[in-house]
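A.B. asks: Each chain, letter by letter, is given below.
Protein chains: 2
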Amino acid sequence: MTDISALKAALGDIRTEDNPAIVKQKSRDFFWYSPVLKRELDAVTGDLIVTPKSEAEVIQVLKACYAQGVPVTPRGSGTGNYGQAMPLSGGVVLNLAEMNAIKSIAPGRVVTEPGAVLAHIDRETRKTGQELRLHPSTYNTASLAGFIAGGSGGVGSINWGGLRDLGNVLRLRIVTMEEEPRVLELGGWDLHKVMHAYGTNGIITEVEVPLDVAYDWVDVVVGFDDYMRAVRFANLLANSDGLLFKEIATVAAPVPHDYFLRHQKFLKKTDSVVLLMVAPHAIDPFLALAAREKAEIRYRSDTASEAEKKGLPPVYELTWNHTTLRGLRVDPSITYLQVLYPFPDHVEKVGRMTEIFGDEVPGHLEFIRFDGNVACTGLPIVRYTSDERLDEIIAIHEDNGCPIFNPHRYTLEEGGMKQTNEVQLAFKREADPKGLLNPGKMVAWENPDFDWESNKVFLFPGLRASS
Amino acid sequence: MTDISALKAALGDIRTEDNPAIVKQKSRDFFWYSPVLKRELDAVTGDLIVTPKSEAEVIQVLKACYAQGVPVTPRGSGTGNYGQAMPLSGGVVLNLAEMNAIKSIAPGRVVTEPGAVLAHIDRETRKTGQELRLHPSTYNTASLAGFIAGGSGGVGSINWGGLRDLGNVLRLRIVTMEEEPRVLELGGWDLHKVMHAYGTNGIITEVEVPLDVAYDWVDVVVGFDDYMRAVRFANLLANSDGLLFKEIATVAAPVPHDYFLRHQKFLKKTDSVVLLMVAPHAIDPFLALAAREKAEIRYRSDTASEAEKKGLPPVYELTWNHTTLRGLRVDPSITYLQVLYPFPDHVEKVGRMTEIFGDEVPGHLEFIRFDGNVACTGLPIVRYTSDERLDEIIAIHEDNGCPIFNPHRYTLEEGGMKQTNEVQLAFKREADPKGLLNPGKMVAWENPDFDWESNKVFLFPGLRASS
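Just so you know, the protein sequences line up as chains A and B, in that order.
Using my numbering, you'd call the opening residue of the first sequence number 4 and step up by one each time.
Using my numbering, you'd call the opening residue of the second sequence number 4 and step up by one each time.
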């Protein structure tokens with residue numbers, strides 16, 4: 004158990020908060036998307052929220068926690084879905100939200116502190132005609148370092164691929180968890196040591212990412228009476244090299260009508276939709292293609308009246324994890340999966356899954372670039388009945404060549420490639436020798452002998468809440 | 004034979020030129036790249052150069068020529084390679100170079116007159132942080148409408164595909180060749196009626212094209228001791244979604260050392276090269292990838308000294324048709340081909356051609372997006388010996404699944420898909436009922452019964468020079 008008063012003494016003037024209600028609130032993220040994680044993690048809480056204002060304060064916190072053996076779990080805005088920012092063994096929640104300065108903007112580049120919120124960064128970079136390449140649907144609340152530490156891609160991935168792709172993050176500055184914390188600058192391949200590592204092997208204190216040109220993206224919703232027609236149209240758009248989109252998604256009926264309540268007035272119950280962000284100068288050629296394909300435009304923001312637009316969320320807030328979020332607000336019993344439909348037969352694979360599962364797993368695709376080709380990743384809604392059926396649905400996907408990134412697991416490996424990431428593990432040995440950073444999230448660290456072939460779920464013995 | 008004095012009378016104040024030496028000079032393009040076209044077209048000349056200053060003057064010229072039955076062949080800057088702008092039946096060469104105004108620049112769009120030179124357009128659009136998506140290697144001299152009427156793609160095609168792709172041209176304004184010429188605005192699918200039609204079915208008087216973000220592209224030359232290593236590296240770069248290039252080309256040894264004379268000091272005789280334009284913010288991640296692949300950087304413009312850069316052409320002037328041009332300056336006996344290596348086995352196909360031909364056909368690839376995938380088009384040098392061997396080389400390519408767009412033919416079909424373009428033909432019937440626009444370039448018009456299966460070369464009976 005953490006000795007709060009000793010720790011607070013060592014932290015001096017650094018802002019802390021130990022009111023249990025607030026600590027618990029700041030110890031949570033969107034883990035409750037998953038009925039599995041909701042059960043497992045609901046009681047998780049830290050002991051102390053610590054809110055540094057500078058890298059120097061981060062160093063001071065890590066040094067004090069190292070000395071006292073206190074776990075430290077970093078947190079941006081807490082918009083993750085897998086308990087990434089939840090302190091499984093208690094200790095300090097390192098709230099980086101106040102380190103949110105935008106340090107410099109140049110052609111093609113921005114440098115920020117870790118807690119800078121994506122939409123806020125873009126408000127500044129747009130003054131130079133630029134915006135972030137990639138953002139999750141939680142654009143208005145998520146922090147940049149949180150996105151890099153816990154996300155994989157999002158809006159913009161149709162043009163740039165994922166965060167993992169070389170070039171989508173330029174530089175990270177991190178602080179290690181050692182007796183004398185070191186400050187390291189990482190670029191090139193070294194970035195993979197700490198990207199999508201949930202903060203298990205270093206605390207990000209500065210980020211440099213590339214910028215893209217900013218446009219006044221036009222939100223478009225296209226309706227189809229058949230889901231696979233929507234999928235094929237989306238695939239056609241994604242492969243149309245002369246058209247510029249920032250987002251291409253599909254959602255199967257009846258999800259759009261039933262869950263996109265503010266857009267419901269534009270939709271039929273039977274509508275499967277394609278959700279788009281279109282560059283203004285691509286609208287006319289896009290409409291030429293839509294007309295040829297007999298695609299019916301249900302909504303477009305560039306011609307909608309002020310009355311029609313009133314209260315509507317942007318289209319990106321219907322996509323990625325927001326699709327499920329809107330569903331959960333209407334029907335808390337649903338959940339979701341994360342599926343990759345690999346190129347080149349991604350459309351056929353989607354068709355097969357649609358046939359097998361029907362309305363038990365209504366389709367939701369996000370079109371992305373993947374190693375140079377257009378592929379799609381899916382975040383289908385699942386009408387959840389039991390853990391056993393959920394596992395069965397996962398197994399059927401995998402048996403059909405559609406790998407699952409399981410969103411019902413809180414560890415890096417189980418939500419990812421189901422194998423040890425040797426680069427991240429090796430770096431954790433260097434940067435966090437006592438294993439105090441975000442404990443329980445890296446199976447390879449906690450249980451090097453874990454048998455990935457066994458298909459067992461990893462149970463973190465340090466999970467304080469479950470004891 | 005054109006009655007020059009009657010025509011000049013009908014043209015009033017519109018600028019004309021009938022000095023035979025100047026007329027002949029303005030009746031030529033880069034047809035002499037091809038030993039075949041050089042023989043066939045060397046004597047071609049018009050009767051009169053007419054230089055309109057406005058759309059109203061274009062209308063007046065077309066009306067007068069229609070009335071007198073005079074052929075009209077439009078010309079931008081004469082940078083084509085297939086006799087596109089050469090008046091096979093004499094008559095008027097319509098020089099559009101003086102109609103070169105840039106009419107408006109907006110986010111993502113520019114509107115210009117037809118004769119505006121690409122580099123000049125970009126000098127203006129760069130003031131707004133933007134530049135053209137696509138340009139040929141003749142960027143500094145080619146006109147925008149000439150590029151659209153006679154080109155297919157170029158620098159930038161790695162990101163945007165070709166001119167044919169919906170969205171890469173937004174609008175064309177054209178004048179028809181009728182008793183009362185009409186002015187038409189074309190967009191969407193209608194653009195294909197006149198794009199890449201060599202001006203055979205309308206005279207372009209205004210162009211609207213999309214713009215991309217402008218960067219200070221870094222010229223990079225990478226050297227390899229083996230051509231296929233260069234090809235695989237280029238293919239890897241082209242498929243790296245997070246890296247931003249404007250140009251990716253490969254050229255096989257000994258062409259770079261022997262023909263790129265100003266860059267020779269950086270190159271070994273054995274160097275096969277990858278030629279790149281890299282976004283400044285992609286340089287560091289690019290170098291990380293290059294290091295992993297053991298690629299040796301021979302030249303990069305961002306770190307070269309002023310002395311090293313002195314007199315060097317930009318890298319794009321080593322690519323596309325400039326590769327051959329530089330070769331021709333050193334060895335006038337060479338020529339070239341235009342090959343498509345289709346996705347997904349483009350690299351294997353390049354390997355096979357390299358094996359078969361060796362130094363008889365030194366490789367030159369341009370990586371492009373093609374229907375959503377990365378593919379490559381080739382402009383290999385050919386060490387020309389005879390027309391028969393040239394035809395044989397073409398046949399071997401086609402037998403191996405590598406379609407040839409024959410640059411040794413002056414007709415649209417023979418240089419293209421070897422079949423009638425029904426859309427362009429139908430539009431010619433409407434827009435040029437007398438067949439006076441650029442005669443001899445559309446086989447389907449001149450000889451509707453031409454047998455495409457026969458493998459015969461089309462001989463234009465109206466070719467005045469050969470009579």
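Hints may be right or wrong, so weigh each one.
Put simply, identical chains are the same to the list, so a pair is met inside one copy or across any two.
[Stated by the list, open to error] List time: in silico DSBU-like cross-link candidates among lysine-lysine, alpha-carbon distance up to 35 Å:
| id | residue 1 | residue 2 |
| --- | --- | --- |
| 1 | 297 | 421 |
| 2 | 312 | 459 |
| 3 | 66 | 437 |
| 4 | 66 | 268 |
| 5 | 268 | 27 |
Simulated from the structure, these hints should not be mistaken for laboratory data.
A.B. asks: Can you tell me if residue 66 and residue 268 fall within 35 Å by alpha carbon in one copy, between copies, both or neither?
C.D. replies: neither (56 Å within a copy, 54 Å between copies)
A.B. asks: Taking 35 Å as the upper bound on the Cα-Cα distance, should residue 297 and residue 421 be classified as within, between, both, or neither?
C.D. replies: The answer is between: 31 Å across copies meets 35 Å, while 42 Å in one copy does not.
A.B. asks: How would you label the pair residue 312, residue 459 (within, between, both, or neither) given a Cα cut-off of 35 Å?
C.D. replies: Neither: 48 Å inside a chain and 61 Å across chains, both beyond 35 Å.
A.B. asks: Is it within, between, both, or neither for residue 66 and residue 437, if the alpha carbons may be no more than 35 Å apart?
C.D. replies: Classified as within: same-chain Cα gap 12 Å, cross-chain 87 Å, threshold 35 Å.
A.B. asks: Evaluate residue 268 and residue 27 at a C-alpha cut-off of 35 Å and name the case that applies: within, between, both or neither.
C.D. replies: neither (39 Å within a copy, 66 Å between copies)
Hint violations for this structure: numbers 2, 4 and 5, all remaining hints satisfied.
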